[in-house]
Amino acid sequence: MRTFIGIDLGSTTTKAVVIDEAQRVLGRGITNSRSNYDAAAAIAKQEALVNARFQLFREALSVSGALADRLEEFLAQLERDFRLEQYLEQLDDLEATCRRNAEGPRFGTAVAGVLAALEEVFRRLQDEAPSLFVPGANRKSDFFRDIAGAQYLAAGETVAKEAGVRYDMLLNVFDRSIIEVENRVYGESIRPHLTAALERTFRAMPETAARGDAVRSPIQGILDTDLEETYVVGTGYGRARLPFSKEHIRSEILCHGLGAHVMYPSTATVLDIGGQDTKAIQVDANGIVESFQMNDRCAAGCGRYLGYIADEMNMGLHELGPLAMKSTKTIRINSTCTVFAGAELRDRLSLGEKREDIMAGLHRAIVLRAMSILARSGGIKNEFTFTGGVAKNEAAVKALRQLVTENYGELTLNINPDSIYTGALGGATFAWRAVVEEGRQAQARS
Amino acid sequence: MSTPIQMMPPAAPKKPPAPVQKEDAMWLQKEMINRNYHELGVAHDQGRKICATFVPGNLNELVMCFDMARSLPETNALQNGMRKKSGKFIMDAERDGHSEDVCTYVKSDLGMLLNGAIGPTGEPLPAPDLLLLSYTGCFTFMKWFELVRQKYGCETVMLHVPYQGDGRVSKAMRDYVLKQITREVIPALERVSGVKFDIDRLRQYMRESVKAEEDLVRVLQSAKNRPSPIDGYFGAVYYIGPMFTAFRGAPEATQFYSVLRQEIDERVRQGKGPITPDGELTEEKYRLVVEGPPNWTSFRDFWKMFYDEGAVVVASTYAKVGGVYDFGFRHDPDHPLESLAEYCLGCYTNLNFPQRVDMICRYIEDYQADGLLINSIKSCNSFSAGQLLILREVEKRTGKPAAFVESDLVDPRYFSAANIKNRLESYLQMIKQKRAAAAVH
Numbered sequence: 018m019r020t021f022i023g024i025d026l027g028s029t030t031t032k033a034v035v036i037d038e039a040q041r042v043l044g045r046g047i048t049n050s051r052s053n054y055d056a057a058a059a060i061a062k063q064e065a066l067v068n069a070r071f072q073l074f075r076e077a078l079s080v081s082g083a084l085a086d087r088l089e090e091f092l093a094q095l096e097r098d099f100r101l102e103q104y105l106e107q108l109d110d111l112e113a114t115c116r117r118n119a120e121g122p123r124f125g126t127a128v129a130g131v132l133a134a135l136e137e138v139f140r141r142l143q144d145e146a147p148s149l150f151v152p153g154a155n156r157k158s159d160f161f162r163d164i165a166g167a168q169y170l171a172a173g174e175t176v177a178k179e180a181g182v183r184y185d186m187l188l189n190v191f192d193r194s195i196i197e198v199e200n201r202v203y204g205e206s207i208r209p210h211l212t213a214a215l216e217r218t219f220r221a222m223p224e225t226a227a228r229g230d231a232v233r234s235p236i237q238g239i240l241d242t243d244l245e246e247t248y249v250v251g252t253g254y255g256r257a258r259l260p261f262s263k264e265h266i267r268s269e270i271l272c273h274g275l276g277a278h279v280m281y282p283s284t285a286t287v288l289d290i291g292g293q294d295t296k297a298i299q300v301d302a303n304g305i306v307e308s309f310q311m312n313d314r315c316a317a318g319c320g321r322y323l324g325y326i327a328d329e330m331n332m333g334l335h336e337l338g339p340l341a342m343k344s345t346k347t348i349r350i351n352s353t354c355t356v357f358a359g360a361e362l363r364d365r366l367s368l369g370e371k372r373e374d375i376m377a378g379l380h381r382a383i384v385l386r387a388m389s390i391l392a393r394s395g396g397i398k399n400e401f402t403f404t405g406g407v408a409k410n411e412a413a414v415k416a417l418r419q420l421v422t423e424n425y426g427e428l429t430l431n432i433n434p435d436s437i438y439t440g441a442l443g444g445a446t447f448a449w450r451a452v453v454e455e456g457r458q459a460q461a462r463s
Numbered sequence: 008m009s010t011p012i013q014m015m016p017p018a019a020p021k022k023p024p025a026p027v028q029k030e031d032a033m034w035l036q037k038e039m040i041n042r043n044y045h046e047l048g049v050a051h052d053q054g055r056k057i058c059a060t061f062v063p064g065n066l067n068e069l070v071m072c073f074d075m076a077r078s079l080p081e082t083n084a085l086q087n088g089m090r091k092k093s094g095k096f097i098m099d100a101e102r103d104g105h106s107e108d109v110c111t112y113v114k115s116d117l118g119m120l121l122n123g124a125i126g127p128t129g130e131p132l133p134a135p136d137l138l139l140l141s142y143t144g145c146f147t148f149m150k151w152f153e154l155v156r157q158k159y160g161c162e163t164v165m166l167h168v169p170y171q172g173d174g175r176v177s178k179a180m181r182d183y184v185l186k187q188i189t190r191e192v193i194p195a196l197e198r199v200s201g202v203k204f205d206i207d208r209l210r211q212y213m214r215e216s217v218k219a220e221e222d223l224v225r226v227l228q229s230a231k232n233r234p235s236p237i238d239g240y241f242g243a244v245y246y247i248g249p250m251f252t253a254f255r256g257a258p259e260a261t262q263f264y265s266v267l268r269q270e271i272d273e274r275v276r277q278g279k280g281p282i283t284p285d286g287e288l289t290e291e292k293y294r295l296v297v298e299g300p301p302n303w304t305s306f307r308d309f310w311k312m313f314y315d316e317g318a319v320v321v322a323s324t325y326a327k328v329g330g331v332y333d334f335g336f337r338h339d340p341d342h343p344l345e346s347l348a349e350y351c352l353g354c355y356t357n358l359n360f361p362q363r364v365d366m367i368c369r370y371i372e373d374y375q376a377d378g379l380l381i382n383s384i385k386s387c388n389s390f391s392a393g394q395l396l397i398l399r400e401v402e403k404r405t406g407k408p409a410a411f412v413e414s415d416l417v418d419p420r421y422f423s424a425a426n427i428k429n430r431l432e433s434y435l436q437m438i439k440q441k442r443a444a445a446a447v448h
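Protein sequence lines, in the order shown, are assigned to chains A and B.
All letters in the first sequence, in the order written, are residues 18 to 463 by my numbering.
All letters in the second sequence, in the order written, are residues 8 to 448 by my numbering.
To be clear, the hints were calculated from the coordinates, so they are not data collected in a lab.
Every residue, glycine too, gets a C-beta built ideally from N, C-alpha and C.
Do not rely on the hints blindly, as some may be mistaken.
With the C-beta cut set under 10 Å, the calculated list includes, among others, these residues of chain A facing chain B [to be verified]:
#, residue
1, Gly166
2, Ala167
3, Lys296
4, Asn303
5, Glu307
6, Asn399
Residues of chain A clear of chain B, computed beta-carbon distances all greater than 10 Å [said to hold, decoys possible]:
#, residue
7, Gly82
8, Tyr254
9, Asn331
Heads up, incomplete: computed chain B residues facing chain A, CB under 8 Å, no partners named [as the list claims (entries may be wrong)]:
#, residue
10, Glu46
11, Val49
12, Ser433
Whenever a hint applies, use it, and build me the whole structure from the sequences.
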């Protein structure tokens, strides 16, 4: 079947969206941009295509009725099992890479000890792996680097102590190896992983196994369906690195404008707060950009600012919003400068302010800066759509809602749970238009 | 199995960069600018005095009447910027006590002085004997010369040009400027140079000015053609060089503009596009009007962002910063001093907001432009203020889209290529999308 793909290469994450000929979203994929846009684009696209297959499984199984009301449960289990398979493969690769990197003259006489410690660390990581993918497991992130990193650091510390090996040697090996591993695309493994995952799922849900063929055959049918990448459009900061011609590249402003329009056709104003920029975009009734404003070269008040704050507080990025929501007091934070963020934070803490109140103040500061950019772009008109990674942050949304109402009155604020994919959706829609409306064909990079 | 990713073709071996392409006139102007630096370098040895003065409102013909060499501090700063020297100068000036927010032309200039006053071409720039400050809208100029005076202790004369707050020049304003020229400026020039003022000599220079001005206007207005044979911003920087600096009124400027005009007329006849550093632009996709000076430290990169997308600047306000000639003003040999007063009052920097908006709207219309792009200068407080209002007003009046990028004059730290490219490309794609939509609906 023909598919149309948009890839948004952001500074923090790379997103991909796959749509079909009827412009239905089939799948979404996300990965960390890891300073390697080629790998990030390939992996995000692959993730979106995997996600698309799951959607197609859902549709096929729902038609066959083989799983009745247990369909979603089954698919959730299958996805977890699939992720586990993927994780285990990458873990194997990481172990082999770590071993390779530990050998040689670097660690001198300590080599044998390091290799033994690595073996033990990875044995533990393998053992712990299934527990990471049980229902409701609390993972700090879904990216391999983060999951494996957290596990490795914890296991490594214990093993180093027990085995009398220097912990920093284990860290050094990990740091060298993780970059290699996360830049590899395991494209050929998708199908075997899905097959292996299916077996795991049947074991986890034995009653579904009884309906073996009725479940297997629709899934096999989808696995045998070729998802043709008919046209791909790239956008975002890394767009120039995409391995196709300029015709396939669109500005992220246009993609965000169109993506927001596709999600909410009455959108007039779009605010996108991404990792390193904030964009205010005015679109017309057809999703065409009328005007836009962005922050200047300084990333003050963008998502990256929250990233620094999270690091300073030793918290996960997604934990900041919930903490800020507990605030009971308004604290005014003046600086949205990413560089000064840490200083501002420590200053407030030293004055005895509560963490949650400081967090709320920081979120408000970010939104205030966005309000200024919005004003410069021509203000906020109804309907108003908020996109980008920061739109997932409830404290930022709360501050935005309040400031919008204060300044522009009551209006509809749209926030899509998949708002992080807005740019990629716009890209996919451009890809669809290029083929279906303009009759273009994919062009190789010249 | 893991597959190492190979999406990009292997990098081709690096080729030596192609030589920069310029029109003959561009080489000629470079030679003239370099020659002026040489003249400044040897001026004192040859018994000539040096006058430092600013580009907007410069009284070049008058200064030439006193045999003085002319040094233009903004040009020195921008030349140092283009030659990648300004970064260090600015940091040295900051170390010397000047804040990060101060105009970077000023800091580049002061940094150059701190580093032994070696000019952009490597020749020494001797201390000026007279600072002639024609004040035409930029308050910083005054502070700048105050600092230079403090360093050199040289004589200073100020020509105060009243701002066109009401958008017009009254007789009183004209008389006020004229009075200063005759009572303050000329006596100071006579005193410092030891040369007596000769109005006939001034008239003679002005006859040259008029010819050159005619040709310059013709060249700049050639951009009304499709395709435009010139870039009216990046390319115009070369065209305005002699006229806006030490050469207005000099016969070599007249000759330069005559050569340039012939070159451009020929390009028009042949239906050619502008020359860029990478060769002729063969497909003109976008026609823009630009407000604000270019960034000098990344001048070529900035320009490339435009021509790579087929964007040509057909008119810019910057190309009028040393004199607005395209609406009819010419220096007048019959009334030389009066016309100098008129010239100063009519400088772009001395125009009020509605006049600037009118001018830009007129350009968009006359040059059939797709829209307006503003390059806002971070360290320029005088001219960044209100630019967004200009943008909104122009959008409203012309119905053409406008966009905003931010950079700086000569501080390399204030040029973010990724950010500017992103905005520029977004803007151009927006124009394209609007065109497509207009064709459908």
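Outcome of the hint check:
Hint status for Gly166 of chain A relative to chain B: violated, with the closest Cβ pair at about 18 Å, above 10 Å. Proximity of Ala167 of chain A to chain B is violated relative to the hint, the smallest CB-CB distance being about 22 Å (cut-off 10 Å). Using the Cβ-Cβ criterion of 10 Å, the hint placing Lys296 of chain A at the interface with chain B is satisfied: the shortest such distance is roughly 9 Å. At a threshold of 10 Å, the smallest CB-CB gap from Asn303 of chain A to chain B is about 6 Å, leaving the interface hint in force.
Annotation: interface hint on Glu307 of chain A holds; nearest CB of chain B at approximately 7 Å, less than 10 Å. Checking Asn399 of chain A against chain B: minimum C-beta separation of about 20 Å lies over 10 Å; hint violated. Under the 10 Å C-beta cut-off, the non-interface status given to Gly82 of chain A relative to chain B holds; the minimum distance is some 37 Å. At the 10 Å boundary, the C-beta of Tyr254 of chain A falls inside the reach of chain B, the nearest C-beta of that chain being 7 Å off.
Every CB of chain B is more than 10 Å from the CB of Asn331 of chain A (nearest about 30 Å), matching its label as outside the interface. At about 39 Å, the closest approach between the beta carbon of Glu46 of chain B and any beta carbon in chain A exceeds 8 Å, and the interface hint on this residue is violated. Of the supplied interface hints, the one on Val49 of chain B is violated, with its beta-carbon coming no nearer than about 42 Å to a beta-carbon of chain A, more than 8 Å. A least Cβ separation of about 4 Å between Ser433 of chain B and chain A falls short of the 8 Å threshold, and the interface hint therefore holds.
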